[in-house]
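> One-letter residues, chain by chain:
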Amino acid sequence: MWLEINPRSSTPIYQQLVDGVKELVARGILVPGERMPTVRESASELSLNPNTIAKAYQKLEQEGIIETMRSRGTFVAGRTIILDKETAKQQLSGLVETVLVEAYHLGLNREDIKQLFEESLDNWEKRGGK
Amino acid sequence: MDLAIETRALSKSFDGLPAVDKLYLSVPAGSIFGLIGPNGAGKSTLIQMLIGIIRPDSGDGFILGQSIRKRDGSIRNRVGYVPDVPVMYPGFTVAEMYRLGSKLYPFWDWERCRELHQGFQLPEGQRIRNLSRGQKVQVALIMALALRPQLLLLDEPTAGLDPVVRRAFLQTIIEEVADQGTTVFYSSHNLNDLEQSADHIAAIYRGRMLFSHTLDELKESVHRLQLIFAGELPEEAIKSLPGLVEYHQSGRVITITITGHLDSIGPRLVEMEPELVKELNLDLESIFVAFMKAQGYGFER
Numbered sequence: 004m005w006l007e008i009n010p011r012s013s014t015p016i017y018q019q020l021v022d023g024v025k026e027l028v029a030r031g032i033l034v035p036g037e038r039m040p041t042v043r044e045s046a047s048e049l050s051l052n053p054n055t056i057a058k059a060y061q062k063l064e065q066e067g068i069i070e071t072m073r074s075r076g077t078f079v080a081g082r083t084i085i086l087d088k089e090t091a092k093q094q095l096s097g098l099v100e101t102v103l104v105e106a107y108h109l110g111l112n113r114e115d116i117k118q119l120f121e122e123s124l125d126n127w128e129k130r131g132g133k
Numbered sequence: 211m212d213l214a215i216e217t218r219a220l221s222k223s224f225d226g227l228p229a230v231d232k233l234y235l236s237v238p239a240g241s242i243f244g245l246i247g248p249n250g251a252g253k254s255t256l257i258q259m260l261i262g263i264i265r266p267d268s269g270d271g272f273i274l275g276q277s278i279r280k281r282d283g284s285i286r287n288r289v290g291y292v293p294d295v296p297v298m299y300p301g302f303t304v305a306e307m308y309r310l311g312s313k314l315y316p317f318w319d320w321e322r323c324r325e326l327h328q329g330f331q332l333p334e335g336q337r338i339r340n341l342s343r344g345q346k347v348q349v350a351l352i353m354a355l356a357l358r359p360q361l362l363l364l365d366e367p368t369a370g371l372d373p374v375v376r377r378a379f380l381q382t383i384i385e386e387v388a389d390q391g392t393t394v395f396y397s398s399h400n401l402n403d404l405e406q407s408a409d410h411i412a413a414i415y416r417g418r419m420l421f422s423h424t425l426d427e428l429k430e431s432v433h434r435l436q437l438i439f440a441g442e443l444p445e446e447a448i449k450s451l452p453g454l455v456e457y458h459q460s461g462r463v464i465t466i467t468i469t470g471h472l473d474s475i476g477p478r479l480v481e482m483e484p485e486l487v488k489e490l491n492l493d494l495e496s497i498f499v500a501f502m503k504a505q506g507y508g509f510e511r
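Top line first, the protein sequences correspond to chains A and B. Numbered according to the working numbering, the first sequence spans residues 4 to 133. Numbered according to the working numbering, the second sequence spans residues 211 to 511.
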């Protein structure tokens with residue numbers, strides 16, 4: 004599986020796995036109906052604890068992102084999944100912070116930054132972005 | 211929950227000094243359980259009591275449901291033990307050690323032995339005395355797995371292994387757990403290895419339990435936060451926060467390490483009106499060092 008896991012992160016590994024699979028599905032890299040590797044395959048490939056992988060799979064199944072069909076294996080669920088808003092915000096906050104640090108060093112204040120965001124959004128929408 | 215290992219007030223002293231001191235430990239079956247602690251904390255003594263090499267002074271322990279005080283050696287049939295310094299006949303060749311294993315252990319699996327031996331690429335005809343410590347550890351691990359264990363007790367197994375072999379070693383353990391449901395209990399100073407492979411971590415210090423958690427719980431219950439204040443620093447208020455493990459101040463920036471859930475810590479910090487709160491990354495090694503510092507264990511200059 005195409006996942007990057009950092010065991011030394013504060014985010015528990017199972018949570019990184021859950022987030023990673025969600026992201027792969029949202030980006031269309033994992034497609035509905037695709038077979039997921041078994042717990043054993045993932046544990047071996049990623050050199051991670053099998054119980055941790057199993058926990059992540061359980062969570063993903065509860066959230067309806069993957070489904071297990073008895074004796075056939077685990078598959079990416081049929082419906083499309085969009086990251087929930089909080090997760091999406093969390094993922095973006097790091098990027099926003101980088102921008103804020105740059106803005107500080109360039110001498111921009113709160114109002115300048117707000118204005119910049121508004122302008123960028125307007126431009127984005129004009130060009131057909133959603 | 212099935213327990214592969216359980217100890218109750220297990221104690222052992224050497225020359226009047228407690229090495230393991232009323233230790234309570236529960237290791238769920240099927241887990242990879244990492245034991246950490248500074249040098250001399252009692253890790254090896256604990257493992258040696260579990261396998262029956264050292265007799266406890268008081269308290270009791272059970273492995274695979276059997277009391278560790280039972281001394282008929284039958285437990286060794288189902289427990290693979292890799293000591294920190296493997297003891298093997300120096301004049302034996304590697305192949306002769308395997309043959310000895312096949313005679314000693316009733317569930318010995320030659321196929322498993324050959325498969326692992328080929329994987330680790332060890333010299334079969336070489337005598338034990340000519341092997342490096344790392345190679346001896348590999349032979350000991352191969353034998354511990356070939357006896358078809360239900361429990362593996364490993365004392366500092368990855369110390370002295372080169373990076374390639376260390377990876378292969380961890381991989382082998384992970385696959386053993388995935389395929390056989392074997393319980394692995396191992397002590398290590400290499401916290402990166404544990405962070406990747408273990409699901410439970412227990413820390414002992416001076417023979418006593420400092421903490422025992424799942425790795426996920428541990429990560430969710432210890433935080434390192436950076437706080438910046440505009441006005442006067444609320445040093446006293448922060449230092450009196452429950453669960454504070456570490457406090458460091460540099461200019462206007464205060465860095466704390468604190469135990470507890472963010473849901474309960476957060477509001478108390480907000481009350482102090484910091485200008486900025488940022489959570490820093492905290493790996494297992496930093497968690498361990500922070501806990502040890504809080505216990506007064508450190509290297510002070």
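Keep in mind that the hints were calculated from the coordinates and are not lab data. Just so you know, not all the hints are guaranteed correct.
[As the list claims (entries may be wrong)] Taking CB as the label site, the calculated pair distances span: (1) B:Gly344 <-> A:Gly110: 32 to 40 Å; (2) A:Val102 <-> B:Glu489: 16 to 24 Å; (3) B:Asp212 <-> A:Thr41: 33 to 41 Å; (4) A:Asp115 <-> B:Pro373: 20 to 28 Å; (5) A:Ile32 <-> B:Ser431: 30 to 38 Å; (6) B:Ala504 <-> A:Thr90: 55 to 63 Å; (7) B:Leu227 <-> A:Ala106: 35 to 43 Å; (8) B:Met482 <-> A:Gly110: 27 to 35 Å; (9) A:Lys88 <-> B:Met482: 25 to 33 Å; (10) A:Phe78 <-> B:His399: 48 to 56 Å; (11) A:Glu26 <-> B:Glu489: 47 to 55 Å; (12) B:His399 <-> A:Lys88: 36 to 44 Å.
[Stated by the list, open to error] Computed cross-link-like contacts, BS3-like style, restricted to lysine-lysine with a CA-CA straight-line distance of at most 30 Å: (13) A:Lys88 <-> B:Lys232; (14) B:Lys280 <-> A:Lys117; (15) B:Lys449 <-> A:Lys62.
[Claimed, not checked] Which residues of chain B face chain A? A partial, calculated answer using Cβ under 8 Å: (16) Ser223; (17) Leu227; (18) Ala408; (19) Asn491.
Built from N, CA and C at the ideal position, the CB exists for glycine as well.
> Look at each hint and say if it fits the structure.
Hint by hint, here is what the structure shows:
Take Gly344 (chain B) and Gly110 (chain A): their Cβ atoms lie about 57 Å apart, and the range 32 to 40 Å is violated. For the hinted restraint 16 to 24 Å between Val102 (chain A) and Glu489 (chain B), the CB-CB distance of approximately 19 Å keeps it satisfied. Between Asp212 (chain B) and Thr41 (chain A) the C-beta distance comes to about 23 Å, which lies outside the given range of 33 to 41 Å. Hint check: Asp115 (chain A) to Pro373 (chain B), Cβ distance near 50 Å, so the stated range 20 to 28 Å is violated.
Evaluation of the 30 to 38 Å hint for Ile32 (chain A) and Ser431 (chain B) yields a pass: the beta carbon distance comes to about 33 Å. Restraint check, Ala504 (chain B) to Thr90 (chain A): a C-beta distance of roughly 34 Å breaks the suggested window 55 to 63 Å. For the hinted restraint 35 to 43 Å between Leu227 (chain B) and Ala106 (chain A), the CB-CB distance of approximately 60 Å leaves it violated. Checking the proposed 27 to 35 Å range against Met482 (chain B) and Gly110 (chain A) shows it holds: the Cβ atoms sit about 29 Å from each other.
One distance hint, 25 to 33 Å for the beta-carbon pair Lys88 (chain A) and Met482 (chain B), holds here, with the actual separation near 29 Å. About 42 Å separates the C-beta atoms of Phe78 (chain A) and His399 (chain B), a value inconsistent with the hinted range of 48 to 56 Å. The hinted range of 47 to 55 Å is not satisfied by Glu26 (chain A) and Glu489 (chain B), whose Cβ atoms lie roughly 21 Å apart. Take His399 (chain B) and Lys88 (chain A): their Cβ atoms lie about 43 Å apart, and the range 36 to 44 Å holds.
Our distance criterion of 30 Å between C-alpha atoms is broken by Lys88 (chain A) and Lys232 (chain B), whose separation comes to about 49 Å. The straight-line distance between the Cα atoms of Lys280 (chain B) and Lys117 (chain A) is roughly 73 Å, outside the 30 Å bound, and the hint therefore fails. The suggested pairing of Lys449 (chain B) with Lys62 (chain A) is violated, with an alpha-carbon distance near 37 Å, which exceeds 30 Å. Interface hint status for Ser223 (chain B): violated, as the beta-carbon distance to the closest one in chain A is roughly 35 Å, over 8 Å.
The criterion of a C-beta within 8 Å of any C-beta in chain A is not met by Leu227 (chain B), whose closest approach is roughly 35 Å, and the hint is violated. Look at Ala408 (chain B): its Cβ gets to within about 7 Å of chain A, closer than 8 Å, so that hint holds up. Against a cut-off of 8 Å between C-beta atoms, the interface hint on Asn491 (chain B) holds, since the closest Cβ of chain A lies about 5 Å away.
Hints 1, 3, 4, 6, 7, 10, 11, 13, 14, 15, 16 and 17 from the earlier list are contradicted by this structure; the remaining hints agree with it.
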